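Protein chains in written order, with the working numbering: chain Y, 1 to 269; chain X, 1001 to 1281; chain G, 2001 to 2275.
In case anyone wonders, no lab produced these hints; they're calculated from the structure. All values reported here derive from a predicted model rather than from experimental measurement. Don't take every hint at face value.
Below, in silico cross-link-like pairs of lysine-lysine (DSS-like), each with a Cα-Cα straight-line distance of 27 Å or less [what the hints assert, rightly or not]:
| hint | chain 1 | residue 1 | chain 2 | residue 2 |
| --- | --- | --- | --- | --- |
| 1 | G | 2176 | X | 1177 |
| 2 | G | 2049 | G | 2214 |
| 3 | X | 1177 | G | 2214 |
| 4 | Y | 240 | Y | 144 |
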Amino acid sequence: MLKDITIGQYYPSESVVHKLDPRLKIVLSFIYIVAIFFIKNFWGFLVLGGLTIALSYAAKVPMKFLLKGLKPLLILMTITALLNLFMTDGEILWKWGVLRVTKEGIVMSAFMLLRIVFLVLGTSFLTYTTTPITLTSGMESLLKPFSKIGVPAHEIAMMMSIALRFIPTLIEETDKIMAAQKARGAALSEGNILKRAKALVPILIPLFVSAFRRADELAVAMESRCYHGGNDRTKLKELKYQKKDTIALILFVGAIAVILLCNLLGAAL
Amino acid sequence: MNIAVENLSYIYAPETPFEKVALKDINFTIESGEFVGLIGHSGSGKSTLVQHLNGLVKPTSGTIRIGDRVITGKNADTKGLCFTVGLVFQYPEQQLFAETIYQDIAFGPSNMGLSQTEIDLRVKTAMELVGLSPELAGKSPFSVSGGQKRRVAIAGVLAMEPKVLILDEPTAGLDPKGRDEILNSIRKIHKQMDMTVILVSHSMEDVAKYCDKLLVLNEGEVILTGTLAEVFHHADRLSEIGLSVPQVTLAVHKLREKGVDIPENIFTVSDAVSAILQLRG
Amino acid sequence: MEIIKAENLTFRYEDSAKKVLEQFHLTIEKGSFTALLGHNGSGKSSLAKLFNGILLPEGGSVYVSGMDTKNEELLLEIRKNCGLVFQNPDNQLVASIIEDDVAFAPENLGVPSGEIRERVDDALKCVGMYEYRLRSPHHLSGGQKQRVAIAGIVAMRPSVIVLDEPTAMLDPKGRKEVVETILRLNRDYGITAILITHNMEEAALADRVVVMEKGKILLDGTPKEIFSQYEMLKQTGLDVPQITELSYKLHQAGFPVESCILSADELVEQILRVL
Chain Y
1 MLKDITIGQY YPSESVVHKL DPRLKIVLSF IYIVAIFFIK NFWGFLVLGG
51 LTIALSYAAK VPMKFLLKGL KPLLILMTIT ALLNLFMTDG EILWKWGVLR
101 VTKEGIVMSA FMLLRIVFLV LGTSFLTYTT TPITLTSGME SLLKPFSKIG
151 VPAHEIAMMM SIALRFIPTL IEETDKIMAA QKARGAALSE GNILKRAKAL
201 VPILIPLFVS AFRRADELAV AMESRCYHGG NDRTKLKELK YQKKDTIALI
251 LFVGAIAVIL LCNLLGAAL
Chain X
1001 MNIAVENLSY IYAPETPFEK VALKDINFTI ESGEFVGLIG HSGSGKSTLV
1051 QHLNGLVKPT SGTIRIGDRV ITGKNADTKG LCFTVGLVFQ YPEQQLFAET
1101 IYQDIAFGPS NMGLSQTEID LRVKTAMELV GLSPELAGKS PFSVSGGQKR
1151 RVAIAGVLAM EPKVLILDEP TAGLDPKGRD EILNSIRKIH KQMDMTVILV
1201 SHSMEDVAKY CDKLLVLNEG EVILTGTLAE VFHHADRLSE IGLSVPQVTL
1251 AVHKLREKGV DIPENIFTVS DAVSAILQLR G
Chain G
2001 MEIIKAENLT FRYEDSAKKV LEQFHLTIEK GSFTALLGHN GSGKSSLAKL
2051 FNGILLPEGG SVYVSGMDTK NEELLLEIRK NCGLVFQNPD NQLVASIIED
2101 DVAFAPENLG VPSGEIRERV DDALKCVGMY EYRLRSPHHL SGGQKQRVAI
2151 AGIVAMRPSV IVLDEPTAML DPKGRKEVVE TILRLNRDYG ITAILITHNM
2201 EEAALADRVV VMEKGKILLD GTPKEIFSQY EMLKQTGLDV PQITELSYKL
2251 HQAGFPVESC ILSADELVEQ ILRVL
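So here's chain Y without its partners, still in its complex pose:
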């Protein structure tokens, strides 16, 4: 179940997209997502689809892998499509009891489907091509100007990277605690909701105790390694905005411009 979820995963590859400045990729992803909601006709989606395929090619992330990320969302997508299909008013094409399909409904549900698909593809591109660490330092760097108005940019980034570091550890720990309690006869998946919730206590308490102990030890270890907040810190991997980033920016903005021009095209037709 958990291993089906590809959103948020990193897809290792040596492509040019992987090597782009993470700040640029964050900004471009944002533009991509916003653009999805400005598209007014299918021409726009056609160009966006072309752009996405081109990106997949450039990033060396196979389309097949990208589409796999949609799998966990199939139910959500089906419900959205059906709701739009049956609930939109307009020119009735087909009717059966209370159910009716309108021309507008078909268009609407196709639109919604496409939006969800591209939303998922667009956001997963960012995580597929950027390691969590680079992503974090990109966000830190983008948020830095806001630290003057009290946004704790460094702290947010630090918290994110520590969370990333400890997620596998805590998952492993949860497995171990569950096994240990099962070895004492704990019934974790029996009975009604109340019983099940109660059965979680022997799992959650040790997990919290351990997480706090880890946090405590980690804090001391970090201090011992001269951690003193974000001031005067340098980076092993400094973010460098390079020529290829500018080229990527121009190409991408160009493609988005074409997509938005499609709106006019649609209006003209």
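Could you slot chains X and G onto chain Y? The hints should help.
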């Protein structure tokens, strides 16, 4: 209660990129009442193997018999198995959760559906067996020392009165005194409760002192099994996989290589002392 | 030359009346390798944290390379000089990629980017983990994780490294890897090493063994001198190496071998001599 394992194999995460043969064609038997040491490096499959024995992990193939019960295959009889085969995990104090030591130890027995009087009795006996004084019963398990926490956790398994007791590195992280106390308690429990005990350990010195029989695991395979004498006879094989015979046994082997007439089967300091003293008559 | 000096040191935790250390004196020579023994609760771990100013003395002082740990302005300099490695390798690694983790301390110290790269590569080579630099700590064995943690300290270029039971959670292979790394740091890189341990075979490798009990020094000397105090060590709940125990008991029983032998070879040699 005797244990028989036949052709046991376990493949971790089959048909994924993480696929790994964790256990490969394991065969061994343990007789009722034996004290067996299970030795091997981290990642040798020890923990996976012991989790098979109480039904927490199902084998990919092979058969396991605990007493008369077959606990693998289609008609596996695993109901209440964890009460018969008690498993104490590594760093078991990390599983403590209840408000009082009493409640924590009572967790297993209550899951068995025992009566309150029976639970009371079992908690009391278990605390005594591991050397926890009765007045600690009402205290929070998080308020006592590290060594005591570990005893509470072990008592939590003992209170289920299993026929087979498996301990996964019960002395990890303890100081020498804490280590000796825990191991001595386990020896006492083994004798008093007539249990079959499997002690998973890294320390050859410890297993030599407490166990009758050894099982050596390396990369998912049993490479040596038998009595202490049979296993320690293969000192070279052990050192090939980065393990060693106890230091005194090593010294005795060296003496024999130099032609000294001293018995080979010496595994503890006291045996070595008397054997060496006899050399001078 | 002394590199760490604890003078008249008294310490207790805020919420406790019991003194963890009292009137404690200890000096550590530059370039030495000291093993610190004592049962749990003898004050060893607190001492380690007093050495780099994570804890501050209630009375007396601790000096690292002549710097008083109470001087807040020198705190970073002190911690850079005296690195600490802890028991649980998982709880001291901060980053999900090994080279990023090793870079953590130099980043905190504001070392220029190019030099961080150099330090990270050197440190990883020094502990033999360079090939793993792009991996995630999650996929390493305990011994490997602990070596990465040591590399994280080495990257600060410290003069002292204090290791608080670094092998307690490891298997024999992991222990060996870590102990060999410590020996290499001490011998080849001239880093002063202080190893807190319960493992007597490890302690026997040091130049000097200090045994603590109830916040005081009970014994202080070479491994041979210390392990010859068999009875006293047993009384405080400590061990001696098995071979040493054997030689001691033989000696006691009137067998003419030395009472404190550290290696199997030496014992065999002495037994052969009298047969």
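Distance restraint between residue 2049 of chain G and residue 2214 of chain G, which requires alpha-carbon spacing of 27 Å or less
holds, 17 Å
Would you check the hint for residue 2176 of chain G and residue 1177 of chain X, treating anything up to 27 Å between C-alpha atoms as holding?
holds, 23 Å
Given the hinted pair residue 1177 of chain X and residue 2214 of chain G, is their Cα-Cα distance within 27 Å?
holds, 15 Å
Has the given pair, residue 240 of chain Y with residue 144 of chain Y, been kept, meaning a C-alpha gap of at most 27 Å?
holds, 15 Å
No hint from the list above goes unmet by this structure.
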